[in-house]
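Participant: Mapping the sequence shown onto full-length UniProt numbering, position 314 (from 1) lands on 314, and the numbers just tick up by one.
Because the hints were derived from the structure by calculation, they are not lab data.
Wrong hints could be hidden among the right ones.
To be verified - Straight line, CA to CA, 25 angstroms or less: simulated SDA-like cross-link-like pairs of lysine to any residue:
(1) K58 to A74
(2) K62 to N94
(3) K58 to I255
(4) K233 to R123
(5) K62 to A77
(6) K120 to S178
None of these values were measured; they are calculated from a predicted model.
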Amino acid sequence: MGWFGHNHMPVEGRTILMTGGSEGTGLCVARIFASKGANIIIVSRNEPKLEEAINSIKTTAKSPETQRFHTISADVAESGYAERVVTDATAWNNGQPPEIVWCLAGLSTPMLWIDEGAMKAARNNMDVNYFGTAEMSHAIMRAWLQPSQGAKKTSAEKSRPAAAKHIIFTGSVLSTFSLAGYGTYAPSKFALRALADVLVMEVRLYPDVPIDVHLILPNSITTAGYERENATKPKITQQIEGADKPQSPEEVAQISVDGLENGRYFISTSFVGGLMRWGTMGNSPRDNWFVDTLMAWISPLIMAFVMWDMNSQVSAWAKRNTDREGLSSHTK
């Protein structure tokens, strides 16, 4: 892990809060962290599913006699939800805010922009994907940076070296690269990346409370959410994505955790995701200055051919379908 095997995000004995932790990648991540000795708090709307998930997580605990587990029912799309969740989590955690927060709750409702339900879907995607994470990062940072927090350390915390707090955002390869059909979804993930880039700079204002910010960039994941996504996905979008092979939530969870332990900011879970990341680095932090700079030079050449192919597919689709069946043929 990183230089000389250093783990940049140890979790044993620490408390981790995860939104969207009752299923899919969130549940897999929670099980990994429980197996490493962390205390786990999962947040979701569905209370029966929360109970089922927390029981599953408990079975993987490294030290079941000392580790603690908690559930909080909340809707991340509701304004003001995060402050209540952080207050609940802090009270349960002996007056200390969770040291690590990972925002995994999200959804995707792909449509063509002219579709009747596109604006409603776009607002819903923004509420869940962007504001759900933005509110949580705002609430937890305020909790971490309260002057009184320095006086509330437990004896266990005082006995070990100070470790950084962590905020982990779950973006998407579409945080860096858009496709036809994702106008309802990609802007929420682009916005999330912009916020992460802002915060990774802003946390430098608070050197006494070290905070690391991370952004996960997965491809499609074989979860129930992916099945719901495909229910509205335009055929042209499915065609463009033809070469994309969805990853399992277990695979994405493990690659993501490995990247966090290596201290990375941008964590793509596949080569395709890495290629898109390299093509749009902007002012985002580099995980490796030499590799990222080299690939940032090379990737535009590769992406020129990728974009030519994708745009050609869209043009060919329009020629085959619009004249024959009208605009509706693009979405069904």
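Participant: Each of the hints needs a verdict: does it hold here or not?
Facilitator: Structure-based check of all given hints:
Straight-line distance between C-alpha atoms of K58 and A74 comes to about 21 angstroms, which keeps the hinted pair within the 25 angstroms bound. For the hint pairing K62 with N94, the CA-to-CA distance comes to about 21 angstroms; that is within 25 angstroms, so the pair holds. Between K58 and I255 the alpha-carbon distance is near 22 angstroms, which keeps this suggested pair within the 25 angstroms criterion. Of the supplied pair hints, the one linking K233 and R123 holds, its CA atoms being roughly 17 angstroms apart against a limit of 25 angstroms.
Among the hinted pairs, K62 with A77 is inconsistent with the structure: their alpha-carbon atoms are about 33 angstroms apart, more than 25 angstroms. Straight-line distance between C-alpha atoms of K120 and S178 comes to about 19 angstroms, which keeps the hinted pair within the 25 angstroms bound.
In summary, the one numbered hint that this structure violates is 5.
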